[in-house]
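Undergrad: Spelled out, the chains give:
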Amino acid sequence: MQTTLSPESRTSLATPLPEKHAVKLTINGTVHHLELAPWTSLLDALREYLHLTGTKKGCDHGQCGACTVLVDGKRINSCLTLAVMKDGSDITTIEGLADESGLHPLQTAFIEHDAYQCGYCTPGQICSAVGLMQEGRAKTADDIRELMSGNICRCGAYPHIVDAIQEVMQLDPNA
Amino acid sequence: MTPYIGKPINRVDGVAKVTGKAKYAAEYKAADLAHGWVISSSIAKGKVTRIDAEAALQLPGVIQVFSHENRPSLAWFDMSYKDQDAPPGSPFRPLRDATVKYSGQPVALVVAETLELARYAASLIRIEYEEEEHETALEHNLHRAREPKSGVATLLKPPPPKPRGDFEKDFRAAAVQVSGTYVHSAEHHNPMEMFATTVVYEKNNKLTIYDKTQGAPNSQLYVSQVFGIPFKDVRVISPYVGGGFGAGLRPQYQLFLAVLAARELKRSIRVSLTRQQMFTFGHRPACVQQVSLGASAEGKLEAIRHDAVGETSQFEDYTEIVVNWAGMLYPAQNVTLTYNLVPLDVYTPIDMRAPGGVTGLSALECAIDELAYKAGLDPVEFRLKNYTERDMNEDLPYSSKELRECFRQGAERFGWANRTPEPRSMRNGHTLVGWGMATGIWESMHMPARAEAVLTVNGKLRVSSATADIGTGTYTIMTQIAADTLGMPIEDVIFRLGDTDMPLAPIQGGSWTAATVGSAVKVACEDLGKKLFKMAQKMKQSPFADVKLDEIVFENAHIRLKADPSVAVSLLDIVGTNGGRAVSETSTSLPNMLEQRKYARAVHSAVFVEVEVDEDFGTVRVTRAVTAVAGGRILNPKTARSQIIGGMVWGISKGLEEESVMDHQFGRFMNHSLAEYHVPVNADIQDLDVIFVEETDTIVNPLGVKGLGEIGIVGMPAAIANAVFHATGKRIRSLPITLDKLL
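Chains as they are written, first to last, in the numbering used here: chain X, 1 to 175; chain A, 1001 to 1743.
None of these hints come from the bench; they were simulated from the model. Keep in mind that a hint or two might mislead.
List of simulated lysine-lysine pairs, DSS-like, C-alpha gap at most 27 Å [said to hold, decoys possible]: (1) Lys1023(A) <-> Lys1730(A); (2) Lys1730(A) <-> Lys1007(A); (3) Lys74(X) <-> Lys1023(A); (4) Lys1741(A) <-> Lys1021(A); (5) Lys1741(A) <-> Lys1730(A); (6) Lys20(X) <-> Lys1029(A); (7) Lys1169(A) <-> Lys1029(A); (8) Lys1021(A) <-> Lys24(X); (9) Lys74(X) <-> Lys1021(A); (10) Lys1029(A) <-> Lys24(X).
Keep in mind that this is a model prediction, so the values were computed, not measured.
Please build the complete structure, drawing on both the sequences and the hints.
TA: Written out as structure tokens, the structure is:
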């Protein structure tokens, strides 16, 4: 007979709970003042504390890209980022891409090209594509495929995602 | 009139999906919401001997730790735990007792005020086990294979037919023979959305449950039976599902745990699984197959033997249709098909996209390719030579079968005529190029379902059914069907689903939803139309007073006289005579079984694949693929194409990438993360093309649709394996074809 401890049971005694810190986040143009413990990821801050559930949790390990948001214009995995690290940052989520004039061109292109099925990875794909375009590195469809490979789509909408991004980037579809 | 059916309409839920407004199970707010965190067993078999939760419970904000030690009394009999998709056996009951039946089994639930606290508290809980020896290796236990038990679920999954002719004799005498063993490991669905349940504890003790499921009524049934709560007090809502692929066909354990905790604590609670825990319930079972084929010197297939042994759990007999396809695709006279199970210390497998179909065809269609080579025939020519208009298992004609046209159009689009048959004969610079093909088939099923159609006082059409849309496009195609049936502009039609307050529909699976719910939507709208017509006849100075139903048409939100379209009454005016109330009709659609039973009904495909193989690295890339589908009527070419493309990506995944690797020493899946469980990323997917071949079918269901959810994947892995053979001369019979197998 062998006795095994759960691998989760590494800590033997409870350490004091972490203290909360004031965190200021500007999200989609609105300033939010939050009191968060350091263990709260930016993703959980958005979903659980601000109810901005457009940003998705697909793995919580930075492996799927569903949680992609734009921090100061750059695309990042919000699950790998602690909210306190982004104090003072300017964050754009999927909820902030459309404006009074309507949907962001990428949002429209995703609809037109049916660049999704279940929709769960879609906010991350679109935020990632916005980041991709701002980076300015993608010149061809192959570049898009490579640089969008941090965002998994289990439904397999990749060809349509590439079509949608290409159209908005006004790349030659035959390139 | 069908102004919308057949058109590439954009998804009606598209705006919700691209703006983040579509809400999934873990995204609903509730006052005073508590968070649960599941603790999974670290052993595969044995007993929990001690749960020390003291340190966790001392933390301020930790509410309770539930385990078998303190769970309340629940339903006693297995029957109560059987959901609509339960295979024969005794369903797993979370927290039932100290017994551990598989690695990753939920053994405790920590409930705390915040998600982070619940997660942290879970790390403080010590669990001790008494371990017993486990057995998780299918290939070491083939001698224990036995026939599956039968039960209600077996109705949809018939066992193999009895042997026909004399396989042994004919195979021995055959001029051309092939024989091979095909294997693949377990696979996990891994939809992007992790399983989650939010239970809202209402004031009157009622539960409103947001669950990730492919059938809200199935979750309702389970909760009601297990916890002894009347149906009326359990409402399950699931308007958006972040992928299912079969994983949501049965209620998963987070539903049980969330409901248990909510009822004990009398408060709302959310339980979300982690990605690692997504590997702790159903999976596509590992399978070992043996295929032997014999043909005449001219390439006539005469003898088929296909034996499959799949894994199941120790408590339920999960089955799938692995071997029957040979008898449906080829007219051989001497056929023996067998299917057996080996129970192991794993969780019960669950249907995963094209369950059994992609498994069986991956072996069969690879063997057919090998036989065609041995017979000196082109693989397409071989299949045309061995074409059947009848399902030989049932000895029934197909209700429609345009597979020949799939071969022709697919080959033409792909450029198959330019192929040089010799293996290793095609190159692109340094890399070897291979062209392979395969046939696909999946049964077209039709189930009973109900739908409600309502014409609101402001003249909008509201249709609903408690089905699901796991990304398949259900919302959109149902809206199209409703709009066309009642002649409404599509912007005035709204279709809703995923709510147990709506009329009953079966779980969404098996490629039957378009046929099943579509037929229900059609009949509900037709019945509503009849009702509106009767009302129109009773209107003052009605132009329809002496007119029969077949003399009118529903068009542009009006009832019109066919003979004189200027004679019309608007639907808005008709509903206006109803005293300020909407007009509604709820209808049931039943399959016409008397007619359907005279035919075999199936969707077919021909798949053509190009691979490039770098021999130095053993890497394989699918550079191009064409799938030609004979799927009956295509309701929406845009969403239909996405279904097939998605299936093809799954086929590439199964053929080249995904596999759950079991460490048999621990009886645990090792690669339980999206970094180690490989699925295709964008860069893995190149040029995929889809052809829908014209096919008319008046038997299969009132809409003439055949279902597209599975047909995209079934033929792909074999076509890839065949292309790899053409490229390299190596016949790989173990999926996925990873580089180590080619070096």
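Undergrad: Please go over all the hints and tell whether each is borne out by the structure.
TA: Tested hints:
Of the pairs offered as hints, the one joining Lys1023(A) and Lys1730(A) is violated, with about 48 Å between alpha carbons and a cut-off of 27 Å exceeded. Restraint check for Lys1730(A) and Lys1007(A): not satisfied, since their Cα atoms lie roughly 44 Å apart, outside the 27 Å limit. About 25 Å separates the Cα atoms of Lys74(X) and Lys1023(A), which keeps this hinted pair within 27 Å; it holds. Restraint check: the Cα-Cα separation between Lys1741(A) and Lys1021(A) comes to about 45 Å, which exceeds 27 Å; the hinted pair is violated.
The suggested pairing of Lys1741(A) with Lys1730(A) holds, with an alpha-carbon distance near 9 Å, which does not exceed 27 Å. Of the pairs offered as hints, the one joining Lys20(X) and Lys1029(A) holds, with about 23 Å between alpha carbons and a cut-off of 27 Å not exceeded. Restraint check for Lys1169(A) and Lys1029(A): the C-alpha separation of about 67 Å exceeds 27 Å, so the hint is violated. A threshold of 27 Å between alpha carbons decides the hint, and for Lys1021(A) with Lys24(X) the separation of about 24 Å falls inside it, so the pair holds.
The hinted pair formed by Lys74(X) and Lys1021(A) meets the criterion: a straight-line CA distance of about 23 Å does not exceed 27 Å. The suggested pairing of Lys1029(A) with Lys24(X) holds, with an alpha-carbon distance near 23 Å, which does not exceed 27 Å.
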